[in-house]
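**Q** Construct the entire structure; sequences and hints are all you get.
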Amino acid sequence: MWAALPQALRHVAGVVVVGMGLATLFTAWTPGSRLFSPDFAANIVNALNLTRVGSVSAPTPAAPTAPPRPLPRIGVVAGHNGPQNDPGAVCPDGLTEAGVNRDLATRVQAGLEANGFQVDLLDEFDPRLEGYQALALVSIHNDSCNYINEQATGFKVARAIDSGVPESADRLVACLIDRYAKQTGLLFHKHSITLDMTEYHSFYEINETTPAVIIETGFLNLDRKILTEEPYRVAQGVIDGILCYLLNQPLSPTQPAP
Numbered sequence: 553m554w555a556a557l558p559q560a561l562r563h564v565a566g567v568v569v570v571g572m573g574l575a576t577l578f579t580a581w582t583p584g585s586r587l588f589s590p591d592f593a594a595n596i597v598n599a600l601n602l603t604r605v606g607s608v609s610a611p612t613p614a615a616p617t618a619p620p621r622p623l624p625r626i627g628v629v630a631g632h633n634g635p636q637n638d639p640g641a642v643c644p645d646g647l648t649e650a651g652v653n654r655d656l657a658t659r660v661q662a663g664l665e666a667n668g669f670q671v672d673l674l675d676e677f678d679p680r681l682e683g684y685q686a687l688a689l690v691s692i693h694n695d696s697c698n699y700i701n702e703q704a705t706g707f708k709v710a711r712a713i714d715s716g717v718p719e720s721a722d723r724l725v726a727c728l729i730d731r732y733a734k735q736t737g738l739l740f741h742k743h744s745i746t747l748d749m750t751e752y753h754s755f756y757e758i759n760e761t762t763p764a765v766i767i768e769t770g771f772l773n774l775d776r777k778i779l780t781e782e783p784y785r786v787a788q789g790v791i792d793g794i795l796c797y798l799l800n801q802p803l804s805p806t807q808p809a810p
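For the record, in the sequence shown the residue sitting at position 62 is 614 according to our numbering, with numbers rising by one throughout.
Treat the hints with care, since some could be wrong.
With beta-carbon atoms standing in for the labels, derived distance ranges [stated by the list, open to error]:
1) 662 to 639: 19 to 25 Å
2) 747 to 685: 22 to 28 Å
3) 780 to 638: 16 to 22 Å
4) 623 to 679: 30 to 36 Å
5) 716 to 783: 28 to 34 Å
Derived from the structure by calculation, the hints contain no laboratory data. Glycine included, C-beta positions come from ideal geometry on N, C-alpha and C.
**A** In structure tokens form, the structure reads like this:
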């Protein structure tokens with residue numbers, strides 16, 4: 553029968569049949585219909601996602617975290633402290649050099665640590681001094697409580713006569729002289745440096761590559777006020793001197809050679 557129809561009618565009949573089929577299909581697609589379940593679209597999306605995930609290469613494992621680098625090390629000796637029970641200079645009212653030294657050394661330690669350095673606070677005859685290696689070692693001391701004369705005021709800095717690193721040690725001395733004088737207003741008492749300072753025992757215990765100096769921050773008689781009432785200024789002078797050396801800062805134009 554289909555073949556007996558004229559060609560034009562066959563085209564019309566085909567369109568009608570297709571339209572009826574589509575109408576039936578959309579009529580069947582209702583919320584309650586099972587022709588397409590409610591999960592049909594979600595299942596297609598999931599399948600597409602699975603395919604997509606499967607096509608991606610596995611993520612590259614993160615590189616292991618490197619261990620933290622040790623901080624630059626500095627040694628600070630609190631003169632006359634430790635189990636040897638040697639208080640150093642003792643004043644009539646009981647003030648001891650060891651106590652003043654300990655207070656200043658602790659302040660210097662805190663100031664340098666705040667600037668990002670690792671600081672070892674050491675006793676006078678600390679066993680850790682044997683072969684000690686660091687960017688610098690500074691031993692803090694003070695001079696006599698006795699009245700000597702009106703010139704017995706100011707500070708002293710010295711390095712070993714036979715330092716293994718004389719240029720570095722001289723630079724450390726020069727920085728401490730420059731910055732300490734600026735911070736405290738005390739004079740460099742260069743004419744009273746003794747063999748006890750230039751042949752200080754710790755110089756011969758540490759590793760010869762460690763620049764080391766000894767500083768007497770003042771006289772416990774005429775300089776007592778600044779040492780006991782303004783220790784933060786005294787400690788800051790030492791901190792500034794050490795940082796001057798470590799950071800290679802310029803010296804004052806008038807700074808004499810040590």
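**Q** In ascending order, which of the hints set out earlier in this document are inconsistent with the structure?
**A** 4
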